[in-house]
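A.B. asks: Use the sequences and the hints to build the structure in full.
Protein chains in written order, with my numbering: chain A, 81 to 742; chain B, -6 to 318.
In short, the hints are calculated from the structure, not lab data.
Fair warning: there could be bad hints in the mix.
What the hints assert, rightly or not - Just some of the chain A residues that point at chain B, by a computed CB distance under 10 Å:
hint	residue
1	Ser161
2	Glu162
3	Gly171
4	Gln178
5	Pro186
6	Arg200
7	His201
8	Leu204
9	Ala249
Don't be surprised by glycine CBs; every beta carbon is placed ideally from N, CA and C.
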Amino acid sequence: MSDALLSVTDLRLGFMAGKRALPAVDGISFAISPGETFALLGESGCGKSATAQGIMRLLPAAGRMLGGRVVMDGQELLGLSEADMRAWRGGRMAMIFQEPATSLNPVLTVGRQIGEVLERHRGLTGAAATERMVELLRLVGIADPERRLTEYPFQLSGGMKQRVMIAIALAGEPELLIADEPTTALDVTVQAQILDLLAKIQVDRGMGMLLITHDLGVVARMAHRIGVMYAGELVEVASRQAFFTAPRHPYTQALFEALPDISRRGLRLNTIPGQVPALAAMPAGCRFADRCPQVMAICREQSPPWREVAGGHAVRCHWQGEAAANGRTGNAVTELDIDPGRAFLEVADLKVHFPIRKGLLQRTVGHVRAVDGVSLAIAASRTLALVGESGCGKTTVGKALLQLIQPSAGSVRLGGNELVGLKGRRLRSARRHMQMVFQDPFASLNPRLRVGEIIAEGMAALGIDTESASHAAAIAALLKQVGLPDEAAGRYPHEFSGGQRQRIAIARALAVQPELLICDEPTSALDVSVQAQILNLLKKLQAELGVAYLFITHNFAVVEYLAHDVAVMYLGRIVERGRAEEILRSPKHPYTQALLSAVPVPRLDHPTAIIRLPGETPSPANPPAGCHFHPRCPMAMDICRQAYPGVTELSPTHRVNCHLAG
Amino acid sequence: MLAYIVRRLLYAIPILIGVNLITFALFFVVNTPDDMARMQLGVKRVTPEAIEKWKAERGYDKPLFVNADAAGLATVTDTIFFDKSARMFAGQFGRAEDGRDIAREIASRMGPSLAIALPTFVLGLFVAVSMALLLAFFRASAFDFWGVVLCVAMMSISGLFYIIGGQYLISKIWRLVPISGFGDGLEAWRFLILPVLIGVVSGIGSSTRWYRTIFLEEVGKDYVRTARAKGLPETVVFFRHILRNALIPILTGVVVVIPLLFMGSLLTESFFGIPGLGSYTIDAINAQDFAVVRSMVFIGSVLYIVGLILTDISYTLVDPRIRFE
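C.D. replies: See the structure below:
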């Protein structure tokens, strides 16, 4: 490992809890060569971000280094004085972060923020610095760099902010780039752009890269070697090839099996039972033992040593067998394609326009067309996935259906009754038929109410069952239905994990026995293994109760696994809709095609070439003339610039709004 | 930007009218001119004639809003409301009980008030921000802990203690500056030092603690981590990155009180014998001089509204997100 750019040996660090430091990273070792991308993969709380921050010596206030060595280019970094360390930080090693929206200083210009790195590490000021800034912005693919230098972060889109972050990181000419979930907060088409950019920069400069991610798809696209982390330890290190073809650790295997995929439709997803052990109560033996399907007696006594499986592929596991033939392929029963039956929710030409007010008298000068003529229909026991990138109006559709936002026009008919324009008591009783599950289970449950009260509140508000004895029984039944114990009713939301909270949110929604559940990104805040549990639950509930789902999401893997029908939204309108098979197997709209191709696939063989979309979604206040998609469309024709395409029926269920199809 | 400011100014007009009406209602409807006369005359001398005479001397014998006896425009102008309340918009406050013109009195007393209030404000802000920055820089250390303890102790002690204690120690025992009084021109500084010093000290505890909280909130933000990841020294991180962001809530929080500095401080001015607006108000309250009190209430409200408008404008100056919207 003498040729390694960075070598981390037995790194241990922890966080102070009272007077004790709880080890969050417990003795991990790895090395990165120049020009290599090493991915640290793991679920939230496994210590992967803490590792990155430890290497940069940027731990938060409660963090403590407990031991180990970090050597870069022959220099031990942990022993350096803080002042000497600052010469490395931002210079020879640089870092980009997950949340571009908050990682840039809101009150300093872009130029200032890049410039301070140039001044600190390259000694550049004045005109020379400006020239270099323009070069850097051009390098990260920002158009009109001179103007951008004088702008503030809030004037840039999310993708551009992340490009600026990359430019800041590159300003010090680093040999090592640490990227902490660099695309997690971005849309898939923008994610594809940023990943391309990072890969290209890395090759051009021969940089080493430490990529921190939870996304197996990103790993498949970017990494040369992969280290899997679990509960503060590395459990498997493998080359990309070995990792995707022959993962050895039961945890790695379980991660793969928890992924939703088209081949697993109709099957229960594999979940990992239990939870990651708490930092304060780490088991003495293998930390995964309690959740491991292959657990043996020795696992509980001895922490497994590293075992070399093949060249460069090592695993920390006592178990030496091969994974049993799992349900990854084969026995996926195709569902009986039952006739969808009569739609009980019919939405016709729904519009939600928000006025833009300007000037002295706040006159309305235009409208943000958040939703601009959406029609859809859902039948009982069916799942319609509404797919699109951020800002396309999909969440607004969900809220407008529930009349949480007043639609500007259109009709929402539930079982033949019009909802638009309903008020007061009649609206409340109509809401009984549909309920919503929100994205963030940490924010959407009232922290001051007990779980039982949260569930009962919805029932009381809609005037269901006020008698107390049957009330408690109903709550217990609901909790059982979503897989939570009875005693959960008396506890507060903060006592539960993310997945359990989402179960509570689902129980709350089900309390009034709705026919339709609107799920707004219900799993995007959750880890893969937890996501699998929630998807299984939703599937089970649909089979038992016949409830229909409107599934609002940007995650195609979830769509593939769960949806019967799919509608793709772009800039407030549905551009393509059809059966899930039709949309996923033979998408006709160039936007759908690009979206599908941009999704990082957790496999080695990426089936199709990625269609790269230039730019980002335009503002719905001022959509492009003609087809909204034409400025980004790789196949735009003259007519696309002039007229919005009408509907073309490709099959009784498959419809697309595109001139190419007509 | 300009439209924004103009809009704010236009919003102020109905608020001012509302303030004027409410002040009027408080002073003439809740507390009628008859009540005022009784209080002024004292219990022994109250006779119906005396009350009528007292009211007539001050123009309080007119109808409140509408004068049915008068003709033309005078039906609304020859009323108490127009004379005593609406005229305040034009800076006509009438006369005090001692016969002096209130407007002129206010103008001459503004100077001494400002001479105390402005240095107290500027110095207090500077000291509190510096202290808070220091505490935040050494956060979670013993220095920070005892600093906060000191702040809490200082804010728990009554302002009166600082005034009396300061006067006793600095003026009486050490004889450094006069206990109270006010001088003209350059002589004034000897009288100003003590009240300004005490004003600053008595305010330090609460504002330092508040600003420290603001700084600590910024310290934990992602952009600060980015700044550290650039390899910038901690002082640059603090002064270039954290201070600028923290100044947004700090500045906008204090701008609102700037116009109110003109009003002076009731407590400080009466204890130090400063002939400013604060002591003017206190004296008027003691003498039950309703014309003066009414004027001061109205001016205070107007200045507060001006402060709110300045706050809105200052947002646009310090926060680019609002400046460019």
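A.B. asks: Under 10 Å, Cβ to Cβ, is where histidine 201 of chain A needs to be relative to chain B, so tell me if that hint holds or is violated.
C.D. replies: Result: holds, 6 Å to nearest chain B Cβ.
A.B. asks: The hint names glutamine 178 of chain A as touching chain B; please verify it with the least Cβ-Cβ distance against 10 Å.
C.D. replies: Nearest chain B Cβ about 9 Å off; hint holds.
A.B. asks: Would the hint on glutamate 162 of chain A be counted as holding, given a Cβ-Cβ threshold of 10 Å to chain B?
C.D. replies: Where the cut-off is 10 Å and the nearest Cβ of chain B is about 8 Å from glutamate 162 of chain A, the hint holds.
A.B. asks: Double-check glycine 171 of chain A for me: the hint is only fine if its C-beta lies closer than 10 Å to a C-beta in chain B.
C.D. replies: Hint holds; glycine 171 of chain A Cβ to chain B Cβ min 6 Å, cut 10 Å.
A.B. asks: Identify whether the interface hint at alanine 249 of chain A stands, where standing means a beta carbon of chain B within less than 10 Å of its own.
C.D. replies: Nearest chain B Cβ about 8 Å off; hint holds.
A.B. asks: Hint check: is the beta carbon of serine 161 of chain A less than 10 Å from a beta carbon of chain B?
C.D. replies: Since the shortest Cβ distance to chain B is 12 Å, the answer is violated.
A.B. asks: Taking the least C-beta to C-beta distance, is leucine 204 of chain A closer than 10 Å to chain B?
C.D. replies: violated, 14 Å
A.B. asks: Quick one, is the proline 186 of chain A hint okay against chain B at 10 Å, beta carbons?
C.D. replies: holds, 6 Å
A.B. asks: With a cut-off of 10 Å on the beta carbons, see whether arginine 200 of chain A makes it to chain B.
C.D. replies: holds, 6 Å
Of the numbered hints given earlier, the model fails hints 1 and 8; all others are met.
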